[in-house]
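Enquirer: Here are the chains, one letter per residue:
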Amino acid sequence: MGEVKVVALKEANFNLFKGELVVVLGPSGSGKSTLLNIMGGMDTPTRGRVYCGATDIAALNEGQLTSFRRHQVGFVFQFYNLMPNLTVKENVELATEISENPLDVVAVLEQVGLEKRANHFPAQLSGGEQQRVAIARAVAKNPEVLLCDEPTGALDHLTGIKVLRLLCDINQSTGKTVIIITHNQPIAGIADRVIKMSSGEIVEIIENRQRIEPEKVEW
Amino acid sequence: MKKLNIMLIREIAKAKGQFIAAAAVIMAGIVMFAATYLSYRNLKNSLELYYDQYRFLDYFAEASYIPEYIVDRVKGLEGVEAAYGRISVDVGADVGEERRITLRIISLPERGTPALNRITVISGGYFNDQAENSCLINQQFAEYNQLAKGGIIKAIIDKRVYELKIDGIVRSPEFIYAMKSAESLFSAAENFGVIYIKESTAFELFGFNHCYNQLHIRFTAKADRPKIINRIERMLVPYGFISGVERKDQLSNNMIQNELSELQNMAIMFPILFLSVAAMIIYNMLRRIINNQRTQIGVLKAFGYSNQRIVGHYLGYAALIGLTGALVGALLGWYTSTVLTAMYTKMYNIPVLQRVIYGEVFLIGPGISMVVCLIAGFNSARKILKIEPAQAMRSEAPKAGRRIFLDGIGYIWDRLTFGWKMSLRNIFRSRQRALLTLLGMAFTMMFFIISLYFLDAVGYLLEQHFFVFQQQDYKVSFSDPASFYDALELNRIKGVNKAEPVLEIPAQLINGWMKEDTMVIGLTRRNTFYRLTDENKATVPVPAKGILIAARLAEKLRVTKGETITLKTYQGRILEKDIKVAGVVKQYAGANCYMDLEELGGLLEEGRFANGALLGIENGMDRIVRKEIFKIPGVETLESRVNSYHAFLQFMEFIDTFIILMLVFGSIMGFAIVFNTTVINITERRRELASLKVLGYTAGEIELTIFRENVCLGLLAIPPGFLLGRIMSGLLSKMFGGEMITLEVFIYPKTYLITAVSALIFIITAQLANRKKITGLNMVEVLKNREG
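Note that the protein sequences, when read in sequence, are chains A and B.
Just so it is clear: in the first sequence, position 116 is 116 by this note's numbering, and no numbers are missing.
Just so it is clear: in the second sequence, position 9 is 9 by this note's numbering, and no numbers are missing.
Simulated from the structure, these hints should not be mistaken for laboratory data.
These numbers were taken from a predicted model, which means no experiment stands behind them.
All residues carry an ideal CB built from backbone N, CA and C; glycine is no exception.
Chain B stretches covered by chain A per the calculated footprint, using a threshold of three residues with CB under 8 Å from any CB of chain A: (1) 3-15; (2) 303-309; (3) 383-390.
Work out the full structure, taking the sequences as your base and the hints as a guide.
Expert: See below:
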């Protein structure tokens, strides 16, 4: 970073399976965001291989990575990152316009419960509503994988629960692989598996025998 | 519509002030381009058409007498399309009670139209009046002196008054600029007129028996002109050949071609200047937008938008600015060109007016501005190509605060308030933006200076020509050479303080193969009325021996002081004498030579004589002196220096209009630069300014922070701006001076003051325009948002 060399991630070896909901858990600076960015083709690893299906995305060039992100991945960010000059519906359409096989925008908005706010701008929405738009945007692309970077990080407890519920429902109803990174320990309970990270390394991978309902998560 | 395009439109709508400001600068440049380009094309084509339709000469020769059969012989030469002989004589004439001017009397066939230089009858008729003394007068002459059909002109021919009755008012391609000589450019309206009389009357009046003293020629398209000209001049030698003039050197055509050349230069120069400034503004703007939208760019990349598409989105912003400014500019420019063209054609009385909309102006202007905008936009946007989406998603590290060089100067730094310290540090924190703003302001100041420079330069030129170089109140010319002492006799007239004889002879200077026509003016050694100076403004006395030549002539003939040249005169007979160049003198209008009157008379082998006198008059005695002078037989013309000056000022109206146009567009540019910088400044520092508000700073105090920065940048822009203005003025003086006048690089101190004050006005106006952005800062919203 600048003049200083920082090792954000080292020795991360693991597999992810189609349809599962995985939580990557770790404190700030543990390397979880870097891991997510590499998985999503947003960053390239200094060393190593990252397979999505049969494709090593670490070896892809700029154009191929763009294509990978376009067709395979949907992102949800901590601070939503909606386009302020586009309405709710337009924000979702921004993603579907470039997708090969997108879902119906109106249906997705209904799924997230914001069909009545389709013509509102982000500034007119609450934080939770904005995050639901961001989820709709990612889901509407019909990607293989949904990558969520601290999706509840900027939200209060109740709103956060709603967002988690939405992600769980999407995972269960559509069978999409959902990966959530968070520093918030209780959220790990909603996952099929939890990957624990610390200081750039995976320290433990835990399989939850039973997933808990988002409504039961307390923090 | 694609969502990125919707985003673009809404982004523009949100920041429409900036968009409009940037587009306005492009518009200004394209207006100037379109206006000057279209005027140039229309004027050029109008002129060419006029010359063609009215068969303007390609060449004319002057000789003592040219018999008709010589004219016929020339007509038959291969390569000569048409030839026409005529009489042209300069005499004195009384206009009203108070003025005696030079009148050029030109012969015309009684019936039909002349083969060349055909005239257009504006009012009245073409010699409808059968009387021998009917005449047609030039339109400019008629308008300036308010003459009309039926009026009388008293021409003084052979010391007798001959009344000529005006039968019609006409114009000719030969006298678009009607003037006697290059040096009389400024006094032409007041002291010169052109009239036409019947050929038979001219024969009788001037003693030409079916002979002419001018031969006008048009060549065929493929004629070998130099060869034919050579042949004609050799043919005329036995008939007292005096000089030959090609179209390009014909006075009127020379002047107007100069004008066209100036228009052409402006059509190139102004858009370059404005588009450069627009490029800086767009670069700055897009940099700011892209910086602010880093996260959005990251999101777009994360969602699979390609680099090309994202760069294209931002280039679209630049392209829209370019297109909007250019299209509006082209339309406004077209309108302005119609106004300019109309002014030009009115000034020059060109009857054939071409008002064509040249489609290419709607392509060239927008095309160039699009290219400039896209280049500027791409330079800003290309950093998008380099950043990884994950990097783009990270918040940018806050700019490192650092000390500036002023910190080290404790004496100054310790005395500054916190507000000043913040302002100064901020300038150095965003060095690139500060530099671009400074350059933009410097360019604006440069533009102001060069706009006002025209006024200063012409004003200085007139001041030098009419009030420093010349000191006489009147210049008298005699119809016939007079003795030196007869000229001195004018001292006896009541009211005349001093009268000095003068001798003015048309001549040619020859140095090897180089030849230049000029007027040699013989002055007394102790002359007090003409102040001759060199390049360093030091007085140069009239030499006892040798000739002083104008700097422009010296340059063309490649001679310097001490060298010998040949002086060819044709006063009566043709004489060629070698003479030493005694010095080189500065001349603002025309290119004359000066000698001792006695020596000149000696060279002409005529002894000491004069053909005019310079007069100094007592205050309030003008009328009396004029009345007495007019009584003297043989006085051909009486030119008043002061009246000539005032007459010329009328033509300044056109220059004034042009300067106002330039200042308006310069102001648009200046305002746009400061406005955009201020918006960027406020937007980039919203979080910081909001924090100040939270701390309890008033809106006024926050505004002052921004204002100080702009004032500092404005002050820093003064030295480069003034320097650039001075340099550009120097270039312009060479570009616009032309063959007949010298524009000095002279800028009045008040021009610099006006420029500096104007810059301050832009800063204040831009500040006021952005006031709402500061007073409307929503502290809560701004500080809540992750990005400033």
